[in-house]
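Under our numbering, residues 9 to 372 are what the sequence shown spells out, in order.
Worth double-checking, as some hints may not be accurate.
As the list claims (entries may be wrong) - So the derived label-pair ranges between C-beta atoms look like this:
| id | residue 1 | residue 2 | range |
| --- | --- | --- | --- |
| 1 | Thr227 | Ala143 | 23 to 29 angstroms |
| 2 | Thr298 | Gln48 | 26 to 32 angstroms |
| 3 | Gln238 | His77 | 21 to 27 angstroms |
| 4 | Arg274 | Gly169 | 22 to 28 angstroms |
| 5 | Arg283 | Pro178 | 24 to 30 angstroms |
| 6 | Ala83 | Arg274 | 36 to 42 angstroms |
| 7 | Arg308 | Ser27 | 21 to 27 angstroms |
| 8 | Pro43 | Gly108 | 46 to 52 angstroms |
To be clear, the hints were calculated from the coordinates, so they are not data collected in a lab.
Heads up, the beta-carbon is just placed ideally off N, CA and C, and yes, glycines get one too.
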Amino acid sequence: MSEHRDVWHIRAVVLPDTSEPADFWVCDGVVGREPVDGAQDVPGAFVLPGGLVDAHVHLTMNFGKVMPHADGSEALMSANAAAHRRSGVLAFRDAGCAWGGVPTQLADGPRLQRAGRLLAPPGRGYPNVCHFVDAESLVIAALEDVRAGAAWVKIIGDFPGPDGNWFAAPPTYSRDVLKTLVSAVHADGARVMAHSTGLGAPDLVAAGVDSIEHGMVLTPDLVREMADRQVAWVLTLATAHKHLGTLVDQQSPVGAYVRGQLDRIRHLLPEAHARGVPILAGSDEVRVGTFVDELHWITRFGLSADQALRAASTNARAWLGFTPAGAGGCADFVTYLHDPREDVSALREPAAVVVRGRLLAAAV
9 MSEHRDVWHI
19 RAVVLPDTSE
29 PADFWVCDGV
39 VGREPVDGAQ
49 DVPGAFVLPG
59 GLVDAHVHLT
69 MNFGKVMPHA
79 DGSEALMSAN
89 AAAHRRSGVL
99 AFRDAGCAWG
109 GVPTQLADGP
119 RLQRAGRLLA
129 PPGRGYPNVC
139 HFVDAESLVI
149 AALEDVRAGA
159 AWVKIIGDFP
169 GPDGNWFAAP
179 PTYSRDVLKT
189 LVSAVHADGA
199 RVMAHSTGLG
209 APDLVAAGVD
219 SIEHGMVLTP
229 DLVREMADRQ
239 VAWVLTLATA
249 HKHLGTLVDQ
259 QSPVGAYVRG
269 QLDRIRHLLP
279 EAHARGVPIL
289 AGSDEVRVGT
299 FVDELHWITR
309 FGLSADQALR
319 AASTNARAWL
329 GFTPAGAGGC
339 ADFVTYLHDP
349 REDVSALREP
359 AAVVVRGRLL
369 AAAV
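Start from the sequences and build out the full structure, keeping to the hints where you can.
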């Protein structure tokens, strides 16, 4: 749909906290409660200020080669960002630069926080994706990224051995090295996100990292420590299913093992939420524009649709520190025809997407 005059009227239920419709007007990129002459109505019965927040994306990576662009290219990053935006994701955190690409903020959004390179010890990460750095040089490499504009440092906290077992992946860096890293990064005003599918999480949490990405082998004791420290658990369950789904269906010892590991997460996630661990959601390696699949998996693993929505919107926005949205805040919002607190499937088809006060897409 083509762009319109940037004066809008929204009458909708404000997600996720209200139940009655309210009126808002947008003029010159500002959201207010006072009527504005000539405002055009925005379609939709429910409005999500700030849109969805995807806490784990990779703009420089062309997963499945679905985009006609090279990994790390400006064209790919722009296309990935546009696909996120069309799906209603208006803020995201890039979880590690690869292939020489460095994401930058686009005028049409989504709003961006980014990590630097994916830092890992030599031979303990993904070829062509990770930047390999030994323990002695880890802090230097991390601070290079921060001083080049990264708000986050990304480290590979554990990595599978020859058996390829995610859940038994040994730690990469020692706890003392991690503590030194976190202290230096925090002193420079940035934060640390840590990939962990295996056994590295205890050292990572004890060292003071800010978020655990994936977190496939967390324990009740570790969840309590994460709650005390307010370490976020960034779920990437759709990506886990992408890699493990065929194993889950196998009637074999391997299948039983994988099912047992996932059942443990299914029991632990509601406990983590109840204890106050910040729960965030990330699309990671799934096809760009299908972030709602992650929210479906979160509901299958024990959270309600309302809790999943908050993990991918207001809670994520607040924890990550994005600009507040809504009346008096940034004029970014997405509207929907149906209530996603009842069924997250309602998020699949935005009625309208508005970024910085400009209507970029609307249902016909």
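Each hint, compared with the structure:
1. Thr227 to Ala143: 23 to 29 angstroms: holds (26 angstroms)
2. Thr298 to Gln48: 26 to 32 angstroms: holds (30 angstroms)
3. Gln238 to His77: 21 to 27 angstroms: violated (38 angstroms)
4. Arg274 to Gly169: 22 to 28 angstroms: holds (26 angstroms)
5. Arg283 to Pro178: 24 to 30 angstroms: Holds, since Arg283 and Pro178 (Cβ atoms, about 27 angstroms apart) stay within the stated range.
6. Ala83 to Arg274: 36 to 42 angstroms: holds (39 angstroms)
7. Arg308 to Ser27: 21 to 27 angstroms: Distance hint for Arg308, Ser27 holds at roughly 26 angstroms.
8. Pro43 to Gly108: 46 to 52 angstroms: Check passed, 50 angstroms falls within 46 to 52 angstroms.
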